[in-house]
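Novice: To convert a position in the sequence shown, counted from 1, into our numbering, add 15.
Possibly wrong hints are sitting among the right ones.
Restricting the straight-line Cα-Cα distance to at most 20 Å, the calculated cross-link-like pairs of lysine to aspartate or glutamate (EDC-like) are [said to hold, decoys possible]:
#, residue 1, residue 2
1, 338, 177
2, 338, 83
3, 228, 286
Here are the computed distance ranges between Cβ atoms for each label pair [as the list claims (entries may be wrong)]:
#, residue 1, residue 2, range
4, 67, 297, 27 to 37 Å
5, 113, 206, 30 to 40 Å
6, 325, 216, 48 to 58 Å
7, 288, 124, 19 to 29 Å
8, 137, 271, 14 to 24 Å
9, 172, 67, 22 to 32 Å
Bear in mind the hints are in silico, worked out from the structure with no lab data behind them.
Note that CB positions come from ideal geometry on N, CA and C, so glycine has one too.
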Amino acid sequence: MPIIVTHFNSTIRVRLAAFLSASLAAALAAPSALAQGACGADLNRNGTVESSDLAQVLAAWGFCPGCDADTNFDGVVDATDLGAVLANWGTSCTVPAWATVLEYTPPPTVVSNAALRAAIAATGRPWRVRMTATPQIEMLLVPPGTFQMGCSPSLQFGCAADESPVHTVTLTNAFYLGRYEVTQAQWTAVNGLNPSHFSGPNYPNSGNRPVEKVSWNNATSFCTGLGLRLPTEAEWEYAYRAGTTTAFHSMPGYPDGTDDEELAGNIGWNELNSGTQTHNVGQLPPNGFGFHDMAGNVNEWCSDWLGPYSAEPQTNPTGGSPKSGYRVLRGNAFNSPRYYLRSSKRWGFLPNYQFSWIFGLRVARNP
Numbered sequence: 016m017p018i019i020v021t022h023f024n025s026t027i028r029v030r031l032a033a034f035l036s037a038s039l040a041a042a043l044a045a046p047s048a049l050a051q052g053a054c055g056a057d058l059n060r061n062g063t064v065e066s067s068d069l070a071q072v073l074a075a076w077g078f079c080p081g082c083d084a085d086t087n088f089d090g091v092v093d094a095t096d097l098g099a100v101l102a103n104w105g106t107s108c109t110v111p112a113w114a115t116v117l118e119y120t121p122p123p124t125v126v127s128n129a130a131l132r133a134a135i136a137a138t139g140r141p142w143r144v145r146m147t148a149t150p151q152i153e154m155l156l157v158p159p160g161t162f163q164m165g166c167s168p169s170l171q172f173g174c175a176a177d178e179s180p181v182h183t184v185t186l187t188n189a190f191y192l193g194r195y196e197v198t199q200a201q202w203t204a205v206n207g208l209n210p211s212h213f214s215g216p217n218y219p220n221s222g223n224r225p226v227e228k229v230s231w232n233n234a235t236s237f238c239t240g241l242g243l244r245l246p247t248e249a250e251w252e253y254a255y256r257a258g259t260t261t262a263f264h265s266m267p268g269y270p271d272g273t274d275d276e277e278l279a280g281n282i283g284w285n286e287l288n289s290g291t292q293t294h295n296v297g298q299l300p301p302n303g304f305g306f307h308d309m310a311g312n313v314n315e316w317c318s319d320w321l322g323p324y325s326a327e328p329q330t331n332p333t334g335g336s337p338k339s340g341y342r343v344l345r346g347n348a349f350n351s352p353r354y355y356l357r358s359s360k361r362w363g364f365l366p367n368y369q370f371s372w373i374f375g376l377r378v379a380r381n382p
């Protein structure tokens, strides 16, 4: 719906000017209109809030659920969205050199916790991106924060000794984390060979299943050539919890998580619902940051050596000592009992072992 102002008579121009002024005033009077962060108004994701974004708002005017122009996610493109563009006019937005921006701002339907959305917006970085280079992994931004790391028992089962003591962890830097576990197709696109057991004609669409039979050494090598890395154990648990303090992360009907292992099958493939095999990534509901399959499907390697926790507060911890000989695994797998899918459950294995059907990975990246 292009607007050519010179074609309007004076009455229409006056009304248009009044409308634009009223729209901006309404937006500035309602902080929620701009609460998603200035770059939420960069609708075409070219790094600047400018005329093309204004045109996109005007073209989508009216009832338009899911539109990029619906900056406050209320299902309608209206004066509030117009005001958001005008109020942030000229803003320069961070576009990672290595990625394509898919969404600057998480919708409340995915990240329902307002504090988490505000923390993501405060980083000034886009929430959802995709690597431009092969294997084009989709990643979500995790903001800095502080949480309680360690033992979160379920209703029927306690924690293992190595999950205690519970301690305060502060992560001072934002990071990107794979929205899904690395798939067989993504692994093969980089390495040429697929080590996975659950592949081939007996397992249709196996390219979308998580890669497995991957050692820590294999996983690290995969990351290094792509500018990626494995998450630390603390980063992994913080991303899993997504603001919850329960045994299992949020799920439909339980926005604050739950301690009930009977519900764990809602978020993770395990010994009772998997049919003793992996499943295509992203089939079950995500957690409060938007990550899928952090519980179940395959175990995910972390960068740390496995070691005991300290009761002292930690800042950006990187794990134990090489003396342990084991690297950390998190999330557990399709053959795990439901209570193993807890937020704090941890274990480790030899970094060169690559023959297990339950060892996979999820990648991280510094912004």
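Novice: Is 14 to 24 Å a correct range for the gap between the Cβ atoms of residue 137 and residue 271?
Specialist: holds, 22 Å
Novice: Quick check: does the Cβ-Cβ distance between residue 172 and residue 67 fall within 22 to 32 Å?
Specialist: violated, 55 Å
Novice: Verify the proposed pairing of residue 228 with residue 286, using a straight-line Cα cut of 20 Å.
Specialist: Within the cut-off at roughly 18 Å; holds.
Novice: Mind checking the hinted window 27 to 37 Å against the Cβ distance between residue 67 and residue 297?
Specialist: holds, 31 Å
Novice: Falls inside 48 to 58 Å, the C-beta gap from residue 325 to residue 216?
Specialist: 50 Å Cβ-Cβ, so the 48 to 58 Å window holds.
Novice: Range first: 30 to 40 Å. Now tell me if the beta carbons of residue 113 and residue 206 are that far apart.
Specialist: violated, 20 Å
Novice: Within 20 Å, alpha carbon to alpha carbon, are residue 338 and residue 83?
Specialist: Violated - the C-alpha atoms of residue 83 and residue 338 are around 51 Å apart, more than 20 Å.
Novice: Take a look at whether the Cβ-Cβ distance between residue 288 and residue 124 falls inside 19 to 29 Å.
Specialist: For residue 124 against residue 288, whose Cβ atoms are near 25 Å apart, the range 19 to 29 Å holds.
Novice: Check the hint pairing residue 338 with residue 177 against an upper bound of 20 Å on the C-alpha distance.
Specialist: Between residue 338 and residue 177 the Cα gap is close to 16 Å, so the pair holds against 20 Å.
The structure does not agree with the numbered hints 2, 5 and 9 stated previously, though it agrees with the rest.
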